[in-house]
Every structure is written in structure tokens, then in C-alpha cells.
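For the record, the sequence lines run as chains A and B.
If you're matching positions, the first sequence starts at 0 in numbering that gives the first Met the number 0 and goes up one per residue.
If you're matching positions, the second sequence starts at 0 in numbering that gives the first Met the number 0 and goes up one per residue.
Just so you know, these hints were derived from the structure itself, not from any lab.
What you were told as hints is all true, and nothing was included just to trick you.
Here are a few chain B residues that face chain A, going by a calculated C-beta distance under 8 Å:
1. Gly130
2. Gln157
3. Ala168
4. Leu392
Please read these numbers as outputs of a predicted model, since none were measured by experiment.
The C-beta atom is built at its ideal place from N, Cα and C for all residues, glycine as well.
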Amino acid sequence: MPLLVQAAGLLVAGALVFLMARQAGVPTRRSFAAVAVVPVAVAGMLIAPNLRNSVDSMRANRAAGKGISDEKARTIGGTAAGLDVEFLDWTRERMADGDTFHVVAGGSQDPGGVDQWATFQLAPNLATDRANADWLIFYDHAAPKRPTGGLAAPIVYSPGFEIVRRTDAG
Amino acid sequence: MRADLAPFAADGLLLLAGLGGLWACGLVPRRARALLPALGLAYLVGTALVSLALIALLAIGVPFTLVTFALVVLACVAVGLVIDRRRSPPTASPGEDSPPRVPWRQLRDWPSDRWLVGGFVVVFGGYAIVGLLSAVVMPLDQWDAWTMWARKAVMLTQYDALMSGFFAAPSYEFSHQDYPLLYPVWQAIHFRAAGEIDTQAIHGHIWLLFVAFVWAAAYLVREVARPIVWAPVLLAVAVAPGVWTQLLSANADIPLAIYGALGALAMARWLRDGRRADLVLAAILLAATASVKNEGLALAGAILAAAGIVVVFSNRRALGAYLAAAVAVVVAILPWQIWLAAHGVSGDMPVSKGLQPGFLIDRSERVQPAVTAINQQLADQGLWLYMLPLAVLAIVACLVAGVSRRVAVFYLGSGLIAWLTLVWSYTISPLELGWHLSTSVNRVVSGLMFLCIAAVLHLTGLLAAAGLGPSARSRRAPAPGTTQSSRAGPPPAA
Chain A
0 MPLLVQAAGL
10 LVAGALVFLM
20 ARQAGVPTRR
30 SFAAVAVVPV
40 AVAGMLIAPN
50 LRNSVDSMRA
60 NRAAGKGISD
70 EKARTIGGTA
80 AGLDVEFLDW
90 TRERMADGDT
100 FHVVAGGSQD
110 PGGVDQWATF
120 QLAPNLATDR
130 ANADWLIFYD
140 HAAPKRPTGG
150 LAAPIVYSPG
160 FEIVRRTDAG
Chain B
0 MRADLAPFAA
10 DGLLLLAGLG
20 GLWACGLVPR
30 RARALLPALG
40 LAYLVGTALV
50 SLALIALLAI
60 GVPFTLVTFA
70 LVVLACVAVG
80 LVIDRRRSPP
90 TASPGEDSPP
100 RVPWRQLRDW
110 PSDRWLVGGF
120 VVVFGGYAIV
130 GLLSAVVMPL
140 DQWDAWTMWA
150 RKAVMLTQYD
160 ALMSGFFAAP
170 SYEFSHQDYP
180 LLYPVWQAIH
190 FRAAGEIDTQ
200 AIHGHIWLLF
210 VAFVWAAAYL
220 VREVARPIVW
230 APVLLAVAVA
240 PGVWTQLLSA
250 NADIPLAIYG
260 ALGALAMARW
270 LRDGRRADLV
280 LAAILLAATA
290 SVKNEGLALA
300 GAILAAAGIV
310 VVFSNRRALG
320 AYLAAAVAVV
330 VAILPWQIWL
340 AAHGVSGDMP
350 VSKGLQPGFL
360 IDRSERVQPA
370 VTAINQQLAD
380 QGLWLYMLPL
390 AVLAIVACLV
400 AGVSRRVAVF
410 YLGSGLIAWL
420 TLVWSYTISP
430 LELGWHLSTS
440 VNRVVSGLMF
450 LCIAAVLHLT
460 GLLAAAGLGP
470 SARSRRAPAP
480 GTTQSSRAGP
490 PPAA
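Extracted from the complex, chain A is given alone in its bound form (with noise of 0.2 Å):
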């Protein structure tokens, strides 16, 4: 409805200006021109105050964005998604080149999020499916205490934030 009534609005504008140009004795040709003074007098006015507030809107992210340093920026939508990142961090030194990985969330973090920042700070390394993966990431949940299955005993940044590695792996 909004749309409808703002359409409507500037075709009786431009449909006013054709009328004030006839009016004048303009030809009906250049009275049908003279609509294109709406979208251009529209445009104009608006640009001032949009100019300014976009000006300062994108000095104010300037000045905020230059007070991030380069290893903040790097982790800042896992931040922002409230997320360990410095777990990630931890877990990413401790793999090798080419080693693969599975993600094991739990707690109250949305699992595919966790999954989601995980792969891409992780990256170049791949996830892949828990089977085949080099590594186990425990995010906010409990690792196999003892080692079984293929899996070595976990190595314990914090509590539930774990990663076992596959003894049989390359």
C-alpha cells in the first residue's frame, strides 16, 4: 500500500507539471518533457541531507574500523557470532598442512554456526566427515576420555573445548 500511495503521489506530481505547462501555453510535447523535472527536482533535494548523513556515517566506520587490528579483523564474524575463536586459533596451530577436520559442537551455540566459522578461520585446511577427518574438534561439548577407536587421547584447551587427533591419520 505504502508503494502504491508513493507511485501514485509522483504520477499526479509529474501529471501537476504537465498541467502548469499547458497552462503556460507550452506545447504538448515539451509540456510531456517537463515531467522529467520531477525525478531530477526528487533526486536534487534529496541529495543534500543524504549526503551529509552518508558522509558521517562512513567517517564514523572509518574511525572505527582503523581500531581494529589485522588479527581481530581476521576472527571478527566469529566474534561477532559470540564464538571461541581463540580455541580455533589454538586448534589451527596444532594441525598440520593439509590435515582435515570435523567440527563437533554442542552447548548453546547453533551447531551449523559453529561449523560454519570453524571451516572458514580453519581455512585452507578442509573439513570433511567425522569418519575420515585427521582431527576431532569438541566445541563446547565432552570428548571420548579415553582414547578408542582409532582416536588418540584428547588434547584439552578448556573444558568441552577439545581436539583428538586420529592415531591412525598420515
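Since the structure of chain A is already known, use the hints to place chain B on it.
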């Protein structure tokens, strides 16, 4: 130093490749004076051509490296030069051979249009610099921006091939593996040039895409619209919060919209003037639109469908040229689609089911909420500064006044079909509707909104020209490539 400057050098190479493309089309003559106004369009055409070529090469297994990138750029420039040289020898424009004049005398002789362009360059140039300084420190914190786009760019930077362990692996299904690769490939070019992955600095190059859009749009409408028409509209677009805030979120929606709008503009120029060069340009830009995101595929389809309807009903002699362009667009997107099919990757949208009446009827309760949400976004004039209602006014005025009706019908048809495809996609989507709308509708209307921007610019210019006379440029001389032999479309509309 390399990390800061090399990505801009890559932009320069993309620009060169685009100039090659424009020379090949015959859109820009090889003269210094003619090049400057065309640089924005050249950058976007270069990005389109090089990225499309790299995607095709990746799909057949050619490694994606900086050397491959440089070779593709070289090929574009060489092809452009060869075709342009065969077409006609370079000629100096009037006045180019004459001795340079004293600058202040030139200023005194400037017509009002040139002063307006000068004022626009100063204001927009200042704004562009402020935007660039802000963009280069923006953090990559938008979910889709990192999970869909930057993720693929990072992989294309770390690996030089389409690794099936990522692009076709079940573990990465969430990243919309079926989405086309133009935007990640373009980002990866910059990461590779920098020698590192700087997710803040990439925003600066995304900002350049928008600066190039404004530049290119002014270039494409300059023959019909005087600066008094296009300068205020483009400045309003530049400062519209819906445009620049979304652009700097690093999502793909505004890049998609940029290509779609310019593709529509080029197509509309062909429908009106019948120059083959415009049709070739439209095909390149629409192929790029369809290669940014699946929504771009729908937008390019909408623009092609509307153009097809206009051609069928107004000049069937142009059907052959139109079909050739449509086929070229399809061929350009095929390599990626073939790679996807070969690796068993499919999207989550049930497109074939979505064409079955029974399926659509079963999901008809999703239509009304989708229509309401889409229209609410389109009516948010705090974001879009009345571009859609202004487009409606321009279309109605042209139709009633009999000014370029063919072009007006084309924009109307493109907009309506694009709107319908948005409603249709929300109707058939397997995702929970409320969540899907809340996380995407503010972004996906960008393509439609940029179509409106193209319509406002083009039709307002045509309307004003009908009564007040065309721009000085179009009065002075026909546009490059406007020879009888290069015409391949409908004659000028009534």
C-alpha cells in the same frame, strides 16, 4: 607495500582488459579523450570478461594463478586491438591535432553542461574518496559475506583449482556451492595480487565497483540525457543508504545489481538505436549478472525475457541478433553449470518443481507474506530515495507522451518479471518463510531497485530530450560504431 598497492594494479589490469572488450565492441574509440569517460565501464567490462574467462578455465582444469590472470588480460587487450584495427584506422578527433589552448580560455568557453559535469566530478569524487577511506578498514562481519563469498575467495586463493573437497563436498553444502563464482574469483584476484588475504582491504575494491557503476551509467546515458538530468539522479543513488551500506556489507547483491542495471541500460540502448555494439555489451554484462549469484540468473533472465518480448512485438527482423546475444549469455554461464552437474552439486531451490501448478498451489499461502515483505522493502524510501516511484513516473510519462515507448515497455517488463521471480523464489523455497524473508529480503530487492535506477536515468533523459533537445554530444556526432553496417536491431523508436 605489495599488499596495499598490488590489488590496485590488478584493478588497473582489469580496466585494460575492459578497454580491450570495449574496443572489440566498437563502443570506445582508441583516442585519449574518448578513454577517460569510458573508464568506469571499462573496469566493469574487464571484471566481467576476465572473471568469466577464469571461471571457464577453472572448470576445464586450468590452474588459477596470477600468470593465468595476466594472460587472460593480455588476450582481452590483444583481441580488442586486433578487432578495432581491422574495423577502421584510428582517427584524431577534431581539435586533437590543434595546439593546446590556454586553460583559462578553455574554461571561459565551457558550455553549461560541461560545468555541470565538472561540479558532479568534484562532489562525487570527494564522496568517492571518503567512501574509499571508510571502506578499506571495514571489517568482514556480515554472515553471508564471509560464509558464502569470502570463503570461496579464500579457497581460490589458497588452492589454484576447483577442489572437489570444498566446492563439491557435503561438509560445505551450507555455503551454497551451486552459486556462481564471479564474485569470489574477482576477490581472489585481489587476494592473490596482495599476496595475503586482507578481508578489510577488499571492501575498498568493492567500493571501486560502485564508483565504476556511477561512471559507467553516466557514460551509457550521455547521448540521450544531459548532465542536468543524470547528475542529480546519480548523486542521489550514490548517497542512498540502501546502496552504500549494502555494498560495504561485502555481500554479492549490489555487485549483481550493478551488472544487471548496466546490462539493462545497454539492452535498452540497443532496442532504441539498434547498434550491435550495445547488444554485445548487454550480453557481456548480463552474463556477468548471471554469474554473480543465482538471483542474478533470474534478473538476467527477466531482462532478456522483456527484451525478447519487445523484439517479437516491435521488430522481428532483430530476432536473430537478439537470440545470438541470449545464446551468448547462456554459453558464458555453461562452464560452471557443467562443472556443477559433473560433480553432482545442486542447489536447494526446487526449480523444476516450482514450475508445476500443483506444487505452486500447495505453497500458495507463502505468496501474500512474500509480496508484503518485498513491497515493504521497495517502499522504504529512507533506503532507496524514491527510485521505484520515480521509475513508475518516468515509464508512465514516456508511454503517455509516446516517447521511446519500446524502451519504456522494456523497463516495465523487466521490472515486473524481476518482481515476479522474487515472489516465485520465496514461494518455492524450502526454507521457513519468516526466517528466509527476515534474512534476505532487504538484500535481494537490490537488483530490482537498480533496474529502477536505470529506468529513471534513461527514460527521464529521453523524456527531457524529446522536449528540450538531446545532449550536446548526440547533437554533435553519431556515437562510435553507429554505422549502417553495425545496426542489428530495431530502428529508433517513435
